[in-house]
Amino acid sequence: MQVVSPIREKLVTGGKTYHNVTEDICKQVEGEPTKEWKIAFGVALLVFAYGGYWVGRTWWQGLGVWGLNKTVGWAWDITNFVWWVGIGHAGTLISAILLLFRQKWRTSINRAAEAMTIFAVLCAGSFIFFHMGRPWLAYWALPIPNTFGSLWVNFNSPLVWDVFAISTYLSVSVLFWYIGLIPDLATIRDRATGIRKTIYGALSFGWTGGARAWARYEDVSLILAGLSTPLVLSVHTIVSFDFATSVIPGWHTTIFPPYFVAGAIFSGFAMVQNLMLITRVVFKMEDYITIEHISLMNKVITITGSIVGVAYITEFFIAAYSGVQYESYAFINRATGPLWWSYAMMMTCNVLSPQIFWFKALRENIVVSFVIAVVVNIGMWFERFVIIVTSLHRDYLPSSWTYFTPRMGDIGDYLFTFGLFFTCFLLFAKFLPVINMAEVKAVLKTSSEDKK
Amino acid sequence: MDNTNKRYWKGIEELKNDISVVKNADQEFNLEEIDGGTHRRDFLKMLGFGVAAVSLAACDAPVRKTIPYLNKPVDVEPGIPNYFASTYSEGGDYCSILVKTVEGRPVKIEGNKLSKVTNGGVNARVHASVLSLYDIEKLKGPQKAGTDISWEDLDKEVTSSLNSANAIRLVSGTILSPSTNSVIQEFKQKYPSTIHISYDPNSVSGLLEANKSNFGKAAIPSYRFDNADTIVGINCDFLGTWVSPIEFAGQWAKGRRLTSGKDGKKSMSRHYQFETGMTTTGAAADYRQMMKPSEEGALLVALYNKLTGNSIGSSNFKSEIVDKCVADLKNSNGKALVVSGSNDVNVQILVNAINTSLGSYGNTIDFSKTINTRQGNESDITTFVSELKSGKIEAVIFLNANPVYDHSLGAQIAEALTKVKTSISFADRADETAAKCTYIAPAPHYLESWGDAEPKTGSYSLMQPTISLIFNTRQYQDSLLKWSGSDSSYQQYLKNYWQANILGGSSWVQALHDGVFETGASTSTNTAFNADLSSAAVGSLSSNKDNGLEISVFESIAIGTGSQANNPWLQELPDPISKVTWENTLALSQKTANELGVAQGDWAKLSAGDYSIELPILIQPGQAHGTVSVAMGYGRTAAGKAGNVGQNAYPFSVSNKFWTGGAKIEKTKSGYTLAQTQTHETVMGRQAVVQESVLSEYVKNDKAGRFEPMIETSTGPKKPYTITLWNGHEKQNHSWGMVIDLNTCTGCASCLVSCQAENNVAVVGKKEVVRAREMHWIRLDRYYSSDENSEYSIDINHLRRMEIASENPEVVIQPMMCQHCSNAPCETVCPVLATTHSSEGLNQMTYNRCVGTRYCANNCPYKVRRFNWWKYFENDDFDYNMNNELGRMVLNPDVTVRSRGVIEKCSMCVQRIQAGKLVAKKAKRRPEDGEIETACSQSCPTNAITFGDMLDPESRISKILAREKEGRAFHVLEEINVQPQVSYLTKIRNKDKAIASETHEAHEGHHA
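Chain order of the listed sequences is A and B. Following my numbering, the numbering of the first sequence begins with 1 at its first residue and continues without gaps. Following my numbering, the numbering of the second sequence begins with 10001 at its first residue and continues without gaps.
I should point out that these hints are in silico values taken from the structure, not numbers from a laboratory. All residues carry an ideal CB built from backbone N, CA and C; glycine is no exception. You may find that some hints are simply not true.
For the chain B half of the interface with chain A, some residues (derived, Cβ under 8 Å), not all of them [said to hold, decoys possible]: (1) 10156; (2) 10529; (3) 10533; (4) 10595; (5) 10678; (6) 10680; (7) 10682; (8) 10689; (9) 10767; (10) 10792; (11) 10828; (12) 10830; (13) 10833.
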């Protein structure tokens, strides 16, 4: 008997050679900015500037420019924070966990995903500052030796854990991303002339491309992957502790850590999907980001979307089963109270919409994939809004129940982070290789037959 | 290469192997040897230090110089307050007070416990009056026709015109001051054509007339609510605004206080209230019946007929509780009291007849001491208006009176005033009346003035200045004396008057020190009732004709008659029932609103006769159907920036009857949000929040109405406090706490304003209240009962119906402030340790450390933490007292003014605790119970709040808790085990049966 293993589908199509890969990817870095890029960058800058105006007002006048009130002390600020952190999860997941699991298909998307992670974490981090009443004292949240009579931070506070989690995550992500960039930067350096050569030369840290350098590169990648794998789970777990350790019905929920992590991967993949599809079209990367990639991403989205769906239902079951009046009311209020529409948005976008990917044709349809990815991120934003606002606005004492209405400050500060994110991402896309050339080359299927 | 051992030396020293050389062998340059001078590294160090030092010095805060006293006044120690006894007297409102002054400026009003009238109670308006002192919109000096004039010129001109005037009228509100009355007599002697007219915007002229006709005495008798077993109030807000509310609330509370335990006091008065709009008195009543204002007569006829068996007309008043009320009144054997707020003389005659038949006179009504707080006579002011219109009056002086605004004939007075040659107002600002006057001779605020008062026969009190004159003002008594040709200053006059007429040889200084003086005088007690009830006027009351939509004009707790309208504390004080701030509303019942096609959020035009106003609609549970209530005191046009809000309702109160029929409501616009501090009406069946029962149950069981949650564990149900993750905080020295008796709290909001004054709580304005960002540290949670079964169940429709208040709900008012949890959820979540626990049981807030994450506020189960969304001081967007130099003088120097971006909350007046401990420490003793009082507990007219040290077994709080631990005391939200330092005592209504008693009992059991 003879077993014939099926031949794996090629990860990169179009019969690319090593040189083709270098050419295709360096082209974007070396050429003039395209018109599309310029328009996109201009829009991003405008949004950034308008958002910056609102951030300025928020800092100059105070948090009154937001719609918060005596009962709802967090709304868009922490919603946006958690949302961005969640999005930031995909990068590490793709780079680290998929690297450890030897998922080679990740090679064409990991670079962009990691970049996205970093920018998303920056956006999330900016909300840590924005949400403070006195952001100029933000450093008090760090355990820095000081002259205030050795005044320390409160290690009991989940917000302090957040600070540690986010800063760790940001540093590891930046490190991971940059180490991965070094061989590609060296490639660009080798092709560049003049001042560009100097800059890319400096950025590539004198990469020689020698066998020993490659060996170390592989080792460092693996070590960093090992380091960041727990982070994928821990960061959002810690973010979920902000809520889970509180006494507020709807927040005080032990299911939060896994549920938040699943949600983070869910939204992160959706964001990667979006960016990838744009990159694919704008930079003509159809051969590197294939339908297979899109399909795999959609599968992950469907799975994680279903996990959060199960979590939503579990919460309801536990609320009813616990027999705690406040808890069950919090969930009834979530679905049927004055903010029912946000709950309906969350359920529709997160649980129902990804289910269409059970159909292969839809899973492999680029337009559908793009739309659903957008819908998923809207849904995930509402998930955080639902958790934060609908739990707070009607908690223990009915005398303090209020409603939440956003004001321009909320919207402006959110726009700021979009501006920041896309400005950074577009700069990255223009000046750095969006696809990891070195790793893609490693998964090319080449044979002498190709050489004609 | 064989000789490899050869050695080379750098020098002879090395060869010698000198120890000092070997030591430094690895140092090329021996720096120690280079003497003096600056080395490269030192230079860099110094440069670094220099740059840092210079830049630090550059960022230093600007130096603010304080100037020490050159000659320090006796008794003024910086940082140590002085208390002066004085008297609040505004219109007819009276309160004996202590004024806390710091370095010469009054900052806080406290109750004077020596007073036999107010007994240390203070109400919201009295507390807020200290802010009116620092109102920057007051006149800075005398004016003639809008331009400044000197006092000398004013005196000259006024004296000459008064001398030539033939008909002089002096229009005033109620004057409580005997010496002022004497000054007016002198003035009358000098100008014999003078007639003194007194009127009250919140008049009880009808009662005065009825008493005159029935008892020959146009006076208000003393009421003894504490002696009454059955109290019936008929449109009479005696706990909030009527005649002498501070005194009455204290008396009423005495009859409502219960104590648990075998020997406890288990009886209380029964209180019926028949009223149109929901008042705090109605909310506190055991049985409350809604009633149109026009039905007052019919109700009284029904009561009278049933009580006496006589018939003075047939009444068609329908109510289930009238018979019950009659039975209780009869059974009270003279210990009954019926009061009516009506200004209709016939209604009051009927009330007198009922009280006579009940035997109340001598028991609960005492004519030997009359209350002087309302003396206004309605017919006098009506005559005055017609005389004014006829042009007969040549000079008019307005003294504490603003009739253009606060009388229903105001528009006519305004018009006719132009006919008067000389018109003078003593108002502190160019108010609606003063603006029409030729001269304004501004009188100072009462805290800058000398004066006295006789609120009740034989009970005198003194007013003394606590600050020197802020503006170029002069007391009106001084002005009148001057114009009368007297050289005496009023201060001297007052002292002479007291020594001659009141003190009877007692010490003036002592009287001034105490603030009050009792002569024990009384008036004749002839209370022979004399009335002809068969007269057509009284008989006609029973005919209850259809008046259409009736407008009820009522006096609100906060704004009152509107004389203090420009006081932002009062404007922002939520109405204890409706929770509306900064404006008056058209209060309608849901049913009436549906019939009229309006809803909350709409604006509507209310018109009656030829007057109309446009105001937002408020759906008010408990409002009588077919009526609309509008608060007086709003709609000032010349009060100032804060005061010119709402619409004037006085013109609806034709001939000061406070109601009128035949009104119309037309919707004008919609989509409006009222500035309410509480928008949810019911407690949603949350028994861990509000615990209540009825007397009949309580007599049987001290724990009636108590909700005692149990947590299911593997070893069976346990009390929440027995299961904990917390280590707890050790309290060795003190454990400060509070007990709040829900039974005696009337919701008068005195505590709220007291707290605002004590703790420099910012005013945020209407817009921010709409955004639910008021800063009050203590709030009065008001819950209405719902028709829906109050037992919680997971049923969406049930829960929705629970949100809807009953048509005529039972009300619970629960003061809520930081509970100072022993296991405080706020403390664990603060990232920077800005909120921590003290060793005395307090949850402390360190503003300086706060970075403003608001996590603590989110995690507070009681939602008592307040965030500074903006900078509320020195900010033109918040143009209230903290935005001007004068207004900031009211700030308490012991309490930080919070900056933007930090959280604040009730500190249990930690500054007072510290001050009290310091006093005790200096005297080398423990702080005594009662020595330290929080602002709220100090001011409560009913003593519903008891503050003290729970570690001191002799303290009142310890004794109450010892007694009530197995009785009425409960912690709000016991099941979450935060262990508050604040306990509440269950609300017990004197009802036969609780509306939801069955479900309560069925529900006591296992809860998680």
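Answer holds if the nearest beta-carbon of chain A is closer than 8 Å to that of residue 10767 of chain B; otherwise answer violated.
Since chain A brings no Cβ nearer than about 10 Å to residue 10767 of chain B, farther than 8 Å, the hint is violated.
Should the hint that residue 10533 of chain B touches chain A count as held when the rule is a Cβ pair under 8 Å?
Residue 10533 of chain B check fails; min Cβ-Cβ to chain A is 47 Å, beyond 8 Å.
Next item in the hint list is residue 10678 of chain B. Is there a CB on chain A closer than 8 Å to its CB?
5 Å, holds
Using Cβ atoms only, decide whether residue 10689 of chain B comes closer than 8 Å to chain A, and label the hint accordingly.
Holds. Min distance 6 Å.
Taking the least C-beta to C-beta distance, is residue 10595 of chain B closer than 8 Å to chain A?
With Cβ-Cβ at 27 Å, over 8 Å, it is violated.
Against chain A, run the beta carbon of residue 10833 of chain B and see if the smallest gap drops under 8 Å.
5 Å, holds
Hint validation: residue 10828 of chain B versus chain A, beta carbon distance must be below 8 Å. Holds or violated?
5 Å, holds
Residue 10680 of chain B as an interface hint toward chain A, with CB separation required under 8 Å
4 Å, holds
Closer than 8 Å between Cβ atoms is the bar; does residue 10830 of chain B clear it against chain A? Give me holds or violated.
Holds - the Cβ of residue 10830 of chain B comes within 8 Å of chain A, reaching about 6 Å at its closest.
Would you check whether residue 10682 of chain B satisfies its interface hint, that is, whether its CB is within less than 8 Å of any CB in chain A?
7 Å, holds
Hint status (Cβ of residue 10529 of chain B to nearest Cβ of chain A, threshold 8 Å)
47 Å, violated
Tell me if the interface restraint on residue 10156 of chain B is satisfied: Cβ within less than 8 Å of some Cβ in chain A.
Not OK, violated: residue 10156 of chain B not within 8 Å of chain A, min 53 Å.
The structure does not agree with the numbered hints 1, 2, 3, 4, 9 stated previously, though it agrees with the rest.
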